[in-house]
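J.: Listed in order, the protein sequences are those of chains E, V, W and P.
Here our numbering is used: the first residue of the first sequence is 62, the next is one more, and so on.
Here our numbering is used: the first residue of the second sequence is 62, the next is one more, and so on.
Here our numbering is used: the first residue of the third sequence is 188, the next is one more, and so on.
Here our numbering is used: the first residue of the fourth sequence is 773, the next is one more, and so on.
Heads up, a few of these hints could be off.
Said to hold, decoys possible - With a straight-line Cα cutoff of 35 angstroms, these simulated DSBU-like cross-link-like pairs (lysine-lysine) come out:
#1 V:94 / E:115
#2 P:1336 / P:1190
#3 V:72 / E:72
#4 V:102 / E:115
#5 P:1164 / P:1373
Because the hints were derived from the structure by calculation, they are not lab data.
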Amino acid sequence: MRKAEVFVTLKPVVNDPQGLTIRSGLHALGFDKVTDVRSGKYLLVTLDEPDAAKARQQVEEMARQLLANEVIEDYRITMLQGGGL
Amino acid sequence: MRKAEVFVTLKPVVNDPQGLTIRSGLHALGFDKVTDVRSGKYLLVTLDEPDAAKARQQVEEMARQLLANEVIEDYRITMLQGGGL
Amino acid sequence: MRTGVVVFPGTWSDRDCGHALGDVLDQPVDYVDYREQNLKGLDLVVLPGGFSYGDYLRCGAIARFTPVMEAVTAFAAQGGLVLGICNGFQILQEARLLPGALLKNASCEFRCEWVHLRVEQSNSAFTVDCRPGQVLRIPISHGEGNFFADPSALERLEQESRVVFRYCTQDGQSAPDANPNGSLHNIAGISNVRGNVLGMMPHPERACEALLGGDDGLLILQSAIHAWSRVPA
Amino acid sequence: MTGDQLSTTTPELGVRRAQLDSVALADEEYREIVRALGREPNDLELGMFGALWSEHCSYKTSKALLRQLPTEGPNVLQGPGENAGAVDIGDGLAAVFKIESHNHPSAIEPYQGAATGVGGILRDVFAMGARPIAILDVLRFGPLDRDRNRHLFQGVVAGIGGYGNCFGCPTVGGEVYFDPAYTDNPIVNAMCVGLVSHEGLRRARADRAGDVVLLVGADTGRDGIQGATFASVEMDERSASRRPAVQVGNPFLEKLLCEACLVLNELEGVTATQDLGAAGLTSAASELAYRGRRGIDLEVDRVSRREHGMSAYEVMLSESQERMLVVVRPAAEAAARDVFEHFELHADRIGTITGSGRIRVREGGAVVGDMPLKALVDGVPSRSPAVEFADKHPSPPMPSIAEPEAILLDLLASPNLKSRRPIYRTYDHQVQDNTVIGPGFDAALLRVPGTNKGLALTTDGNPWYVALDPYDGTRAAVAEAARNIACTGARPLAVTNCLNFGNPDRPSIFAQLQESVRGLADACRAFELPVVSGNVSLYNETSERNILPTPVIGMVGLLDDLSKRCPAGFQEDGDLVFLLGETRDELAGSQYLQLLGARLKGRPPSVSLEMERRLQSALLDSIAAGVVRSAHDVSDGGLLIALAESALFGRRGLKCPNVTGAMSREAFFFGESLGRVIVSIAPRQVPDLQRLMVHHQIPIHAMGVVGGENFQVGSDVRVPLDTLRQAWETAF
Ligand SMILES: Nc1ncnc2c1ncn2[C@@H]1O[C@H](COP(=O)(O)OP(=O)(O)O)[C@@H](O)[C@H]1O
Ligand SMILES: [Mg+2]
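Bound conformation, chain E alone (with noise of 0.2 angstroms):
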């Protein structure tokens, strides 16, 4: 079994609501020293492939595909060793 997380962004140009609203809550209990949220999803994926180098390159093309939108999203993919978290 190998875990990848993958981490997907909204690309700096593209406006996010999501990390404003985030911002005004923490701001709103008093966290006033935060200047900026940006928010994103986080996945872990488990695979049952055997071969490092494939797995990654499996996962690559999952993000490319599916996981995210290029149109508004980045991505960046990380091969855990381990179990993630």
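Given chain E, work out where chains V, W and P with the ligands should sit, using these hints.
T.: Chains V, W and P with the ligands in isolation, oriented as in the chain E frame:
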């Protein structure tokens, strides 16, 4: 400026309908090696707090109070040196 | 005009669209399963609103890979009429039949309310019965209808006159406070270059009977019927 | 294999104390279980008894009281005891409805707690074979100036919308009130209404031995184990650390499950459908078989799981959402499976209906639990806690006011009266294309598809009246609900109710419950309204603080001809405005006194059921005769607020040159005497209205004329409509 990454995931015992649905989406695309997908949130918080320890402590506090609900979610924090994603 | 209303898992406007086209406008309507690969005999295909696959991951992201979407793509390329409403619009974008993407509403809240739309183009198949500048009152119901396209794509849309509807005030001004979701340029609906594929966030099928608060949506559905009847088969 | 071969030790009660605590069973109850089984229960059996004998599942504290309620009537197709009640609405159709609480989960995880509350009540309705057509949500929170309360409020509202919107059922009404007594213990009740043909009406009654039991929908996980028990005890710091008693809902899966269940209606050989809610498989399987006076054998190994290593105990008590039991004749199994497959739903054949009268649970071939259903489902001893009636509350002050206009604006902007639009615009209230009158008015009105009829829906329950006098306050809630329905022109048909109270082991709280149920029964009898379903939520208490007693009435009415519907807002300039009903010199329980800081003082307005009936007949006759152009009931906030609302709804001004009553101006403007309605009519209809009111012996009071840019009442109040709107539309 300090940046912190906060990962919020559903506790392992909690149902993750989104993860399950993404998994079947991946299967439908032919990624049949995927055995599990867990979904979560990724937040990049920027703070105006020079002191590293204090910054971390504040982000902990934010995660506890607002960003995650410990009843169903776990969180993990990484303080970044440079820019984040 | 024979209409096919596509039903994805999680679609819920299918019956509303069927009601508007079938019961109100008296057109034959077929419900088309998402596993269907054949759209033969259909003149208009509607991708209705709802939460296909729960809108998990991204609205429309998973639905876009269902077998029927390949057929819809081919159907559109042959000039068939395609109307994507709300979730249907999101699916058309994911399938790259229309440009841009729909982000979370700027308020971060779901919004269900009547809005005003200004018709920008009467040359799309879905607005042939409208005048440019005409104001329609139609409800929205979405959490992610905030239209985004990168600057060049946006400019192209405007230059090619493919913005079909814009959110506006009652008297037709596209003011910021008439924008319910933060859409760039107040965009509520766009078409492809040829004008046979339209995606829009508001729900015309909910505005087809005075009893339910208004019937401006009929203009859009009837336009499609008229556009179709003028096209030699 | 018989019960006494089961591997159990026979410990002293003392040894099991911790276990009994964890399932919240009392010593006597445990002894009763031993008596019924003829032996000690093993851990699985104890857990199953604990869940089914919890307050939440067994109604042990309230069931004796609930017997007073009238549950029969000529149009009742299904009364209490099934997943939801059903009444005949003509054309061979039935309206199916029920209300349910999700207070405790929502206090801990507001979004998911509220969302799964909606999910649960939707399942109750489609388990009856009905298509859900409307949701209403009843909410109570502590004041929003506390962060925690705001967090709960925002999460709950988002959760209701999140589930209902995704599922595709419109949320068309409800209520939201704020009071310090709800701090940390919000009330979250959801009502669902569905439609089905008489023949399609399904029961959760497995009455044929040999039938196959299918478990359909989500896989079973460890979530929510002991949720039923949890809803039956007070909340304390430990609650949060128990096993996640809160589940994450999957409205998408529920939508598929619903569509599949509706298709099942067209199959031969489907005996019963039952949703899994509190106490999961234990409750669903036991009740299903017990209602049909049969038995059931289950094999836990056949239950698909989300996690490895789950015990039989965990499988039997899991409260994983979006699951249904479907009971079919063996010959129909294949066809049923085809239906589920079409919707990509997973179905496990987990057992069979037997003639044994027992529930038998097998794991790995061995019987791990074996209990008589009668004891399990129906054997819990009733409890009747001590009762102690509270002293009457001291009389309220009757403060006089210099500035009625300022008070009016403050009231309109107050949390309990301001516009609810910021809430309901986050709910899809139009999907399914039947919403004729949506949220924001007295009752919602939905078209019955394929007919020209309308269903009117409302929920009501003023907690301050009930706190001041549980009997009168509950009668008032029934009267108000019926009045709201009548304002649309519809005739009230039937009632569902949710009784949210504090800890009944406190004598004063049990007295509230007892009096409230008596009031509910009396009012429903007087209006000839059967109670066809309901729910009780007790132990709404946090750190010694009890909520206000909160009985909530859900009501359904029928309008035979939608073209005769009546709106709540003023319609035409020049129309004349009248007050129907009698205003008394009273202020107790009013929003006005709350604003002035006198929250719970005096006797609340008392309803004369006889007068209320006449008022509603008079109103319905006037609407049917086309005499009335708009009708809006006078409730929270009193007369001035009701007039202002009618003006705001209709976007028209009002001029009432000289109005007074034979009482203090305060009571006339802001008192909340019950049994009153504001109507507007065309001037030429005045004689008709008068004649009708004389006929029904209803007092009538001329108010003024619709029109202009101002809201003007007497010489004291003259406010531009825009100013009124700004006050009313202040954000939460
Ligand atoms: N939580 C809610 N969800 C949907 N609609 C609501 C909610 N709360 C209030 N409303 C709507 O707002 C209107 C005003 O509420 P309320 O003051 O309780 O009405 P009434 O006094 O007529 O019972 C009603 O139409 C009600 O249905
Ligand atoms: Mg009312």
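J.: Now tell me if each hint is right for this structure.
T.: Here's how the hints hold up against the structure:
{"no.": "1", "hint": "V:94 / E:115", "result": "holds (11 angstroms)"}
{"no.": "2", "hint": "P:1336 / P:1190", "result": "holds (29 angstroms)"}
{"no.": "3", "hint": "V:72 / E:72", "result": "holds (28 angstroms)"}
{"no.": "4", "hint": "V:102 / E:115", "result": "holds (26 angstroms)"}
{"no.": "5", "hint": "P:1164 / P:1373", "result": "holds (9 angstroms)"}
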